[in-house]
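Q: The residues making up each chain are set out below.
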Amino acid sequence: MVRSLRRAGDEPAVAAPQLRVVTDDVYADWEAVYRDNIDRVYRLMFAKVGNRLDAEDLTAEVFVTALGPLRVSASVGEVRAYLLATARTVLAGYWRRTLGREITTLDEDQVQVVFASSPVSADSRGRAAAILAALPQQYRRILELRFLKSCSVREAAAELGVSVGNAKVLQYRALRRAAQVAEEVDQ
Amino acid sequence: MSERGVRRFVEALLRGRRPRAFHAEDSDVPELRAAITLRAAAPGSDAPREEFVTSLHGRLAAQLDGAQRAEAEKTPATGTRRRLFVQGTAIAAAAATVGVVLDRTLTSVTPESPPTGQTLTPTTGLWRTVATSEELPDGGVRPFDLGNVVGFVQRTDGVVRAVSGSCTHQGCRLRLDPPTRRLNCPCHTTAFTVSGELLVHQLPIAPAPLPHFQTREVNGAIQVYAPPAPA
Numbered sequence: 000m001v002r003s004l005r006r007a008g009d010e011p012a013v014a015a016p017q018l019r020v021v022t023d024d025v026y027a028d029w030e031a032v033y034r035d036n037i038d039r040v041y042r043l044m045f046a047k048v049g050n051r052l053d054a055e056d057l058t059a060e061v062f063v064t065a066l067g068p069l070r071v072s073a074s075v076g077e078v079r080a081y082l083l084a085t086a087r088t089v090l091a092g093y094w095r096r097t098l099g100r101e102i103t104t105l106d107e108d109q110v111q112v113v114f115a116s117s118p119v120s121a122d123s124r125g126r127a128a129a130i131l132a133a134l135p136q137q138y139r140r141i142l143e144l145r146f147l148k149s150c151s152v153r154e155a156a157a158e159l160g161v162s163v164g165n166a167k168v169l170q171y172r173a174l175r176r177a178a179q180v181a182e183e184v185d186q
Numbered sequence: 000m001s002e003r004g005v006r007r008f009v010e011a012l013l014r015g016r017r018p019r020a021f022h023a024e025d026s027d028v029p030e031l032r033a034a035i036t037l038r039a040a041a042p043g044s045d046a047p048r049e050e051f052v053t054s055l056h057g058r059l060a061a062q063l064d065g066a067q068r069a070e071a072e073k074t075p076a077t078g079t080r081r082r083l084f085v086q087g088t089a090i091a092a093a094a095a096t097v098g099v100v101l102d103r104t105l106t107s108v109t110p111e112s113p114p115t116g117q118t119l120t121p122t123t124g125l126w127r128t129v130a131t132s133e134e135l136p137d138g139g140v141r142p143f144d145l146g147n148v149v150g151f152v153q154r155t156d157g158v159v160r161a162v163s164g165s166c167t168h169q170g171c172r173l174r175l176d177p178p179t180r181r182l183n184c185p186c187h188t189t190a191f192t193v194s195g196e197l198l199v200h201q202l203p204i205a206p207a208p209l210p211h212f213q214t215r216e217v218n219g220a221i222q223v224y225a226p227p228a229p230a
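Protein chains in written order, with numbering that gives the first Met the number 0: chain F, 0 to 186; chain C, 0 to 230.
If you are wondering where the hints come from, they were derived from the structure by calculation, not from laboratory data.
It cannot be assumed that every hint is accurate.
Covered stretches of chain F (in silico footprint by chain C; criterion: 3 or more residues with CB under 8 Å from a CB of chain C, positions within the stretch not fixed) [claimed, not checked]:
#1 27 to 38
#2 46 to 53
#3 141 to 148
#4 169 to 179
Fair warning: this is a prediction, and the values are worked out from it, not measured in the lab.
Note that the Cβ used here is the ideal one computed from N, Cα and C, for glycine as well.
Full structure from sequences and hints, please.
A: Given below as structure tokens:
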């Protein structure tokens, strides 16, 4: 809010005003912050934990933590960067508590990406598609059926024309392979 | 490899349940990560539920209204203080990356910090001129250095006030950032308002607000009560 800031007058003893890279847009109140960002933060968390309940808890933690100290006079960009920084800490804490390893992380450079016009889901879909595309057909199909189409093992087995036992083994191997592929995709 | 843990984790994701905690090995990480990536790509599953959005809104409203009440009653809420500032480091890191000055968003919750610092009262003091009235228009801020004390004098709504120019953490000399009217500490990313209130810090314990000088305006001279000039 550079507009609202008062200049120090014609003060020769102090340095010239520094340029600040901030947008002039600000939120009207905390509710505006919430309305504008709840969807993105939730989607971001969902992409990082893969289940609704944890994504909801972590999203709540982000807003509860962030909105207290947040000054509404901060610009939209500042508020979002702050929410994201909070989300990163919250996510790291979640993995520390549950698995003791940081399975997924939030990078600072995602600030731009997360709040860009395209939704978070487009990014995670793109990554998933890239991983699946690199797999042998049976592996790709079992993972598509189970993860993307939410089929049960039984349904997936029927679809693939294999036994339930085989479907389980196939899924297990396919996921291991997908993990290798994903590491290559990420590099 | 905690095969069982991984399998149960993946199964929970597929059933839309909350995975149970288990001790994951490093070698489990890629598989768990891949499972999350794939599951998160399931169509239609990533939008927040309406009920969730509404209920969280209610929780926040209760929390924030509560904080406002606490402010009105001047109830210190020191319990939450430390936690807020632990976040500070991460925010600063994000700020550095995006090249945006984020420090204003680090701002502490003012209800928790005492609004004003102590008044600096030297045992032997003198009224010493730090500026002329013309040099300090309304809204103006001016640094001063009297040799044994440094500070900033400012006029807001016609009232002249002066604060110490030394950071209350470790005594580094504060620098005025004119566009934001903030006093920044060069040592630890601490910042104060020109009236001495703590704005931002990343320290485990919040530094005290800046001490005030007694200030007066006499015959076009702005004076602070300070120790006598060094001989």
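Q: Hint by hint, say whether it matches the structure.
A: Going down the list of hints, with the structure as the test:
A stretch counts as covered by a chain when three or more of its residues have a beta carbon under 8 Å from one of that chain; for the segment 27 to 38 of chain F and chain C the count is 5, and the coverage holds. With 8 residues having a Cβ less than 8 Å from any Cβ of chain C, the segment 46 to 53 of chain F passes the three-residue criterion, so the hint holds. With a threshold of 8 Å between beta carbons, the proposed coverage of the segment 141 to 148 of chain F by chain C holds, since 5 of its residues qualify and at least three are required. Proximity of the segment 169 to 179 of chain F to chain C, defined as three or more residues with a beta carbon under 8 Å from a beta carbon of that chain, is established by the 6 residues found.
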